[in-house]
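The primary structure of each chain is shown beneath.
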Amino acid sequence: MEIMTNLLKIIYCLLVSSFLTAQTPGFEGKRFSLGVEAQGMPLTGALLVNENFSDFNMRYGFTADIVLSKFVSVGIKFQRSEDLAFLTKYTQSSFTPVEYSQNLDSYPNFIQSFESAANYSYSGFGAYIKLFSKEFGSIAPLGHFWAFEYQLGTINVTDDGRFYDYNRSDIYSKMTHTLVVGTGIQKIYFNRLMTGLSFNLGLNTTGLKSFIFPGYQYGGMDFIQHIERKSFSDNFLTVRFSLAWLL
Amino acid sequence: MKNFVLIIISLSVLGINYSQDFNQYQPMKSKGMIPEDFTKLSSEKYKSDIDKHENDSLKIRKRVANDFYLESNFAIGDILSNGRILFNEPLSNYLEEIFQKIKLANPILQNQNIRFYISSSTIVNAFTTQEGIILFNTGLLAKLTTEDEIAYVMCHEIAHFLEKHNLKQFSFNSEVDRDKGTYKSENWETALFAKANYSQNHEMEADSIGLTLFQNTNYNFKSALSALESLKTYFLPFESEVTFNPILIGFNTTLFELPELTFPTLDLDKIYSSKNNKFSTHPDMEDRINSVNSNLINRDRTPTPNAVRTIAQFELCHLFLERAMYSHVIYVALALQRDYPESQYLKEVILKSIYGFSQAKSSAKIKSGGNLSKLVNQNDNNYLTTSPPEIKHIDQFLSDLDSKKLNVLAIFAFWDYLTNNKPLNKQITEERMRGLIQSHKSLYSSDLENTEIMKLVNTNINFAALYNAVEAIDDRIIKFDNDDGKTDNFGIDNLIVLSPEYRKFNLTKEKAYRYLASEKLLGSYHDAILDNSESLNMQTNILSNSFIQTDEVKAYNDIALLYSFLSEKLYSSSNSIFSRKEELIDLIDRYGTDKIALLGVYSVQFPKAKAERVAVLVWTAVVFPLFPLGLYHAVTPKFRTFNYTLLIDLSNEALLYSNIHQFKMKGNNAVVRSSLYNQLLIINNGNHD
Numbered sequence: 001m002e003i004m005t006n007l008l009k010i011i012y013c014l015l016v017s018s019f020l021t022a023q024t025p026g027f028e029g030k031r032f033s034l035g036v037e038a039q040g041m042p043l044t045g046a047l048l049v050n051e052n053f054s055d056f057n058m059r060y061g062f063t064a065d066i067v068l069s070k071f072v073s074v075g076i077k078f079q080r081s082e083d084l085a086f087l088t089k090y091t092q093s094s095f096t097p098v099e100y101s102q103n104l105d106s107y108p109n110f111i112q113s114f115e116s117a118a119n120y121s122y123s124g125f126g127a128y129i130k131l132f133s134k135e136f137g138s139i140a141p142l143g144h145f146w147a148f149e150y151q152l153g154t155i156n157v158t159d160d161g162r163f164y165d166y167n168r169s170d171i172y173s174k175m176t177h178t179l180v181v182g183t184g185i186q187k188i189y190f191n192r193l194m195t196g197l198s199f200n201l202g203l204n205t206t207g208l209k210s211f212i213f214p215g216y217q218y219g220g221m222d223f224i225q226h227i228e229r230k231s232f233s234d235n236f237l238t239v240r241f242s243l244a245w246l247l
Numbered sequence: 001m002k003n004f005v006l007i008i009i010s011l012s013v014l015g016i017n018y019s020q021d022f023n024q025y026q027p028m029k030s031k032g033m034i035p036e037d038f039t040k041l042s043s044e045k046y047k048s049d050i051d052k053h054e055n056d057s058l059k060i061r062k063r064v065a066n067d068f069y070l071e072s073n074f075a076i077g078d079i080l081s082n083g084r085i086l087f088n089e090p091l092s093n094y095l096e097e098i099f100q101k102i103k104l105a106n107p108i109l110q111n112q113n114i115r116f117y118i119s120s121s122t123i124v125n126a127f128t129t130q131e132g133i134i135l136f137n138t139g140l141l142a143k144l145t146t147e148d149e150i151a152y153v154m155c156h157e158i159a160h161f162l163e164k165h166n167l168k169q170f171s172f173n174s175e176v177d178r179d180k181g182t183y184k185s186e187n188w189e190t191a192l193f194a195k196a197n198y199s200q201n202h203e204m205e206a207d208s209i210g211l212t213l214f215q216n217t218n219y220n221f222k223s224a225l226s227a228l229e230s231l232k233t234y235f236l237p238f239e240s241e242v243t244f245n246p247i248l249i250g251f252n253t254t255l256f257e258l259p260e261l262t263f264p265t266l267d268l269d270k271i272y273s274s275k276n277n278k279f280s281t282h283p284d285m286e287d288r289i290n291s292v293n294s295n296l297i298n299r300d301r302t303p304t305p306n307a308v309r310t311i312a313q314f315e316l317c318h319l320f321l322e323r324a325m326y327s328h329v330i331y332v333a334l335a336l337q338r339d340y341p342e343s344q345y346l347k348e349v350i351l352k353s354i355y356g357f358s359q360a361k362s363s364a365k366i367k368s369g370g371n372l373s374k375l376v377n378q379n380d381n382n383y384l385t386t387s388p389p390e391i392k393h394i395d396q397f398l399s400d401l402d403s404k405k406l407n408v409l410a411i412f413a414f415w416d417y418l419t420n421n422k423p424l425n426k427q428i429t430e431e432r433m434r435g436l437i438q439s440h441k442s443l444y445s446s447d448l449e450n451t452e453i454m455k456l457v458n459t460n461i462n463f464a465a466l467y468n469a470v471e472a473i474d475d476r477i478i479k480f481d482n483d484d485g486k487t488d489n490f491g492i493d494n495l496i497v498l499s500p501e502y503r504k505f506n507l508t509k510e511k512a513y514r515y516l517a518s519e520k521l522l523g524s525y526h527d528a529i530l531d532n533s534e535s536l537n538m539q540t541n542i543l544s545n546s547f548i549q550t551d552e553v554k555a556y557n558d559i560a561l562l563y564s565f566l567s568e569k570l571y572s573s574s575n576s577i578f579s580r581k582e583e584l585i586d587l588i589d590r591y592g593t594d595k596i597a598l599l600g601v602y603s604v605q606f607p608k609a610k611a612e613r614v615a616v617l618v619w620t621a622v623v624f625p626l627f628p629l630g631l632y633h634a635v636t637p638k639f640r641t642f643n644y645t646l647l648i649d650l651s652n653e654a655l656l657y658s659n660i661h662q663f664k665m666k667g668n669n670a671v672v673r674s675s676l677y678n679q680l681l682i683i684n685n686g687n688h689d
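Protein sequence lines correspond, in order, to chains A and B. All the letters of the first sequence, read from the start, carry residue numbers 1 to 247 under my numbering. All the letters of the second sequence, read from the start, carry residue numbers 1 to 689 under my numbering.
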């Protein structure tokens, strides 16, 4: 909550400062934009966490952006994604996959081939800064840019009925940090409608840890490792499309 | 009796039309309603010409005709909007009168829509367009001595129009360039010769048809020969028996020992060598004269004097000043002074020339150690080498004169004029003198040998007051061609935007310039300038001939004046003030601002390199979800959009700010508006990068 409060304070300060400045940069003086965005990338999930090639791992979001100077704009966003996390090689017996993984040594013959799935969701708040390329001739918010973004999000995994055989929905929940570096291009149509396309490289701290220290602290709980790696792969390499309306 | 009254009335009308106050001469301006040729969009003229061509019997390929009408309409549109064309003033009215006489004698011309305008150029030339517009240069009207000669040149140009020579030449050139048919695989020299030969045939044909038209009139037929003789030396201004003497230009010859007067000669035969040039578009003039002579009907009448020759010659004064061709100006002014010795205008024109020459030498002393040749552009050098001896003579004298001596002589000449005459504009004349004193103080006053000015300071209180009020600062000397990059808070909220332009090129096409798109986009660009000015609370006046309305002749003349100012700034040294400054001050008062901006967009499309296309395809194939984007990138061309901005202070004649903004994007509406807004923001509020 403290982070949210701080973000709101930042927004408030930006709005006030922009209203106080009589003549401002921006696209014909229009500095604010509200928009939506969608991002995803199928290949990384397939390579990193055994997902299907066609799984786009779509994440959608809402953005609010303000141009600060000729080459700089900053913004905040909320992103959310909902997906299924497919967990293989776990039983649907009286043991939950968790319990099974914890007692794997005692019941070696219990292994069957099957597929289980859980609801996977991500919700995050982010703040970013876009630096518009002088070399490209860009003038914020139009043209080529480099973006640096920080996201604070939460991963939630809940049962979709195929994980536990009794009523227990919460499986896993964790707060996670993501740093994203991206490059892209923004265009403006009809003097108001802004479109954006960018390529982003994101490092999710939780997922990164699961790659650097495989097996560490999971105590055999591979599915948690799988979840965390998925959160890494969802951010690692993404293509982002955005639509925004200039105010 | 009736005839006598008619003659009196005609003469008085003629007198009203062509009389000028040569004592206080004002450069000519266009008058009345602006003709449709100037107000109609080039795209509309093009469409109309294409429709007419459908019914034309001329066997020209449709595509070639399309290209011709497109290019010629836009080219003539550019000429008509460049501020150098005059209409409804004495010279073009006179041409119209002559045309009426020719038309009366040639019924074939009754239904021809031919219009005459004046091109403010010192070059001795006239030319016609397929649209029926015939342009006579001021230099030609200043040179031709009789109305009969003008009539012959007019008939020659009309013949070009009647025979559609422009279209035929364009078509022929296109066929040659197509590398098919007769000229397939011929080398460039053969092709060039073929084009030149075809053009020369047209000239001979125009001479012949023109002569027929001319010989139907009541003019003196032999004038056709004298007109061609005048055109033979098209590079020379009108002839006059001017004998130059430093005293004639107000120099005090007792101050210093002056350079010896030399009398260079001009070998016309050496200069006039087009007989050997088989690539010339025009045939040898001797051949033309012989051809015309052989077809001449023997009838002798007294030629009518050229009624506007003097006006045209007065016009040359400011046109040569605009090109910083000071020796030419002095020559023209001295020639005119023979008939108008008391003309204040001519006296001031000579002073302006001395001022310009002296300031150029002072500027050269700073920039290149006094080497004036570095300041004179190549065209003017060519001009000087082919000048009549009288002009070379003046130029030689002024060039040989030491820059310090010239400066002192100029100061004395100005002071003499100010004390013994009533200047047309005392304030501006004094400003020029202050400029000379400033150069003197900055460059020459430390020289102990230089005592002439100090003597004047010590003996004349008024001069001393003027002298002491000037500070020796060098800023003025370099300011017009030096953008110091400071863009802090100009605070300009009232601005004249002069002739914005939008030019779109597609380098993937054989004919790269996109005429129709450029004109359409220019309209949007005008809107964008006004929209953005409004949102920045700036009052902006767009002065442009591109979309000028019939009743905006005042704006038309203002544009012409501003073009003249910019042109002179390019040619003259940066420490000289504009020769028509008083008109500029009037313009500043009327618009309430002394700031003009030149804004424009160049949008260029060109193909991507093959290596780049392949690299993108390979890379996106590896990261295959991006392949559609890679494919899009590979098949689309590259774009660059350049938006230029120049901000000029008319009062101080200084370049305040210049910028070329390059977008590596297609020049769509948003890109142009973004850059434009940013530039206007800088003009209005300074640079906040």
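Calculated directly from the structure, the hints in this document are not laboratory data. Where hints are given, some of them may not hold.
As the list claims (entries may be wrong) - Subject to a maximum C-alpha distance of 25 Å in a straight line, what follows is the list of computed PhoX-like cross-link-like pairs (lysine-lysine):
| # | chain 1 | residue 1 | chain 2 | residue 2 |
| --- | --- | --- | --- | --- |
| 1 | B | K232 | B | K441 |
| 2 | A | K70 | B | K664 |
| 3 | B | K62 | A | K134 |
| 4 | B | K31 | B | K62 |
| 5 | B | K62 | A | K187 |
| 6 | B | K520 | B | K62 |
| 7 | B | K511 | B | K40 |
| 8 | B | K164 | B | K511 |
| 9 | A | K134 | B | K31 |
| 10 | A | K30 | B | K581 |
| 11 | A | K30 | A | K134 |
| 12 | A | K30 | B | K164 |
| 13 | A | K134 | B | K509 |
| 14 | A | K30 | A | K209 |
| 15 | B | K164 | A | K187 |
| 16 | B | K103 | A | K70 |
| 17 | B | K47 | B | K426 |
| 18 | A | K187 | B | K52 |
| 19 | B | K426 | A | K134 |
| 20 | A | K209 | A | K134 |
| 21 | A | K187 | B | K608 |
| 22 | B | K52 | B | K666 |
| 23 | B | K222 | B | K40 |
| 24 | B | K47 | B | K29 |
| 25 | B | K31 | B | K455 |
| 26 | B | K511 | B | K554 |
| 27 | A | K187 | B | K638 |
Going down the list of hints, with the structure as the test:
1. The straight-line distance between the Cα atoms of B:K232 and B:K441 is roughly 47 Å, outside the 25 Å bound, and the hint therefore fails.
2. For a cut-off of 25 Å, the pair hint linking A:K70 to B:K664 stands: about 17 Å separates their Cα positions.
3. This hinted pair does not check out: B:K62 and A:K134 have alpha carbons roughly 46 Å apart, beyond 25 Å.
4. At roughly 39 Å between alpha-carbon atoms, B:K31 and B:K62 are farther apart than 25 Å, so this suggested pair is violated.
5. Taking the CA atoms of B:K62 and A:K187, the gap is about 40 Å. The hint is violated against a cut of 25 Å.
6. Pair hint B:K520 plus B:K62 holds up; C-alpha atoms about 24 Å apart against a cutoff of 25 Å.
7. Note on B:K511 and B:K40: the hinted pairing holds, with a Cα-Cα distance of about 24 Å set against a maximum of 25 Å.
8. Distance restraint check for B:K164 and B:K511: the Cα-Cα separation of roughly 23 Å lies within the 25 Å cut-off, and the hinted pair is therefore satisfied.
9. Distance hint between A:K134 and B:K31 is unfulfilled; the C-alpha atoms sit about 48 Å from each other, more than 25 Å.
10. Distance check on the hinted pair: A:K30 and B:K581 sit about 41 Å apart at the alpha-carbon level, beyond 25 Å; violated.
11. A threshold of 25 Å between alpha carbons decides the hint, and for A:K30 with A:K134 the separation of about 20 Å falls inside it, so the pair holds.
12. Distance check on the hinted pair: A:K30 and B:K164 sit about 54 Å apart at the alpha-carbon level, beyond 25 Å; violated.
13. Straight-line distance between C-alpha atoms of A:K134 and B:K509 comes to about 30 Å, which puts the hinted pair past the 25 Å bound.
14. For the hint pairing A:K30 with A:K209, the CA-to-CA distance comes to about 42 Å; that exceeds 25 Å, so the pair is violated.
15. At most 25 Å may separate the alpha-carbon atoms for a hinted pair to count; B:K164 and A:K187 exceed this at roughly 48 Å.
16. For the suggested pair B:K103 and A:K70, the alpha carbons sit about 63 Å apart, so the restraint of at most 25 Å is broken.
17. Restraint check: the Cα-Cα separation between B:K47 and B:K426 comes to about 53 Å, which exceeds 25 Å; the hinted pair is violated.
18. The straight-line distance between the Cα atoms of A:K187 and B:K52 is roughly 43 Å, outside the 25 Å bound, and the hint therefore fails.
19. At roughly 50 Å between alpha-carbon atoms, B:K426 and A:K134 are farther apart than 25 Å, so this suggested pair is violated.
20. Between the alpha carbons of A:K209 and A:K134 the distance comes to roughly 36 Å, so the proposed pair goes past 25 Å and is violated.
21. A C-alpha spacing of about 21 Å is found between A:K187 and B:K608, which places the hinted pair at or below 25 Å, so the restraint holds.
22. Note on B:K52 and B:K666: the hinted pairing is violated, with a Cα-Cα distance of about 36 Å set against a maximum of 25 Å.
23. Our distance criterion of 25 Å between C-alpha atoms is broken by B:K222 and B:K40, whose separation comes to about 40 Å.
24. Proposed proximity of B:K47 and B:K29 is contradicted: the alpha carbons are some 31 Å apart, above 25 Å.
25. With a CA separation close to 50 Å, the supplied pair B:K31 and B:K455 exceeds the 25 Å bound.
26. Annotation: proposed proximity of B:K511 to B:K554 is violated, straight-line Cα distance about 36 Å (limit 25 Å).
27. In summary, the hint linking A:K187 to B:K638 is supported, as the alpha carbons are separated by about 16 Å, within the 25 Å threshold.
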